[in-house]
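> Single-letter residue listing:
Protein chains: 2
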Amino acid sequence: MSTDSTFDSRVFDVTGMTCGHCKAAVEEEVGAVKGVNLVVATPATGKVVVEGTNINEAEVRAALAEAGYQVV
Amino acid sequence: MSTDSTFDSRVFDVTGMTCGHCKAAVEEEVGAVKGVNLVVATPATGKVVVEGTNINEAEVRAALAEAGYQVV
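Protein chains in written order, with the working numbering: chain A, 38 to 109; chain B, 38 to 109.
Everything labelled a hint here was simulated from the structure, so no lab data went into it.
On a predicted model such as this, the values are computed, not experimentally measured, just so you know.
Some clues are possibly wrong.
Just so you know, same-sequence chains aren't split out, so a pair can sit in one copy or run between any two.
What the hints assert, rightly or not - Below, simulated SDA-like cross-link-like pairs (lysine to any residue); rule was C-alpha separation at most 25 angstroms, straight line:
id, residue 1, residue 2
1, 84, 49
2, 84, 105
3, 84, 56
4, 71, 50
5, 60, 81
6, 60, 77
7, 60, 83
8, 60, 84
9, 60, 73
10, 60, 107
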């Protein structure tokens with residue numbers, strides 16, 4: 038039994054995204070997570086919308102960290 | 038006769054570089070300009086140091102624009 042939580046749609050608040058390159062980096066990393074069909078990162082607001090099926094939250098957080106950004 | 042000015046070493050002041058991705062984008066584009074041996078972009082200061090041999094200034098400015106940044 039896994040204790041990891043999963044979701045189909047969630048908005049993460051992320052610090053440090055400053056430009057279009059950051060947006061692209063986040064969308065690429067999070068987009069590679071299993072189950073993710075859509076990810077939209079908005080640097081101006083720090084919001085990262087993630088949608089798909091049975092997405093593992095820990096994997097999304099790891100992908101954001103990998104891209105170099107911190108979830109608040 | 039060309040009216041373009043050339044240089045071997047110059048520092049450009051550039052606006053809009055906000056992060057490491059910006060630094061990489063600028064260094065990649067400007068580094069591809071003919072004659073450029075070294076380019077160091079520093080987002081915190083907006084400085085882009087360009088060194089090499091007989092570098093065409095207009096080409097450097099075009100490369101910075103291509104990367105999405107404005108010379109001030």
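> Does each hint fit the structure? Answer for all of them.
For each hint, the structure was consulted:
no.	hint	result
1	84 - 49	within (6 angstroms within a copy, 33 angstroms between copies)
2	84 - 105	both (15 angstroms within a copy, 23 angstroms between copies)
3	84 - 56	both (13 angstroms within a copy, 18 angstroms between copies)
4	71 - 50	within (20 angstroms within a copy, 42 angstroms between copies)
5	60 - 81	both (10 angstroms within a copy, 19 angstroms between copies)
6	60 - 77	both (8 angstroms within a copy, 23 angstroms between copies)
7	60 - 83	both (10 angstroms within a copy, 21 angstroms between copies)
8	60 - 84	both (10 angstroms within a copy, 23 angstroms between copies)
9	60 - 73	within (16 angstroms within a copy, 29 angstroms between copies)
10	60 - 107	both (13 angstroms within a copy, 20 angstroms between copies)
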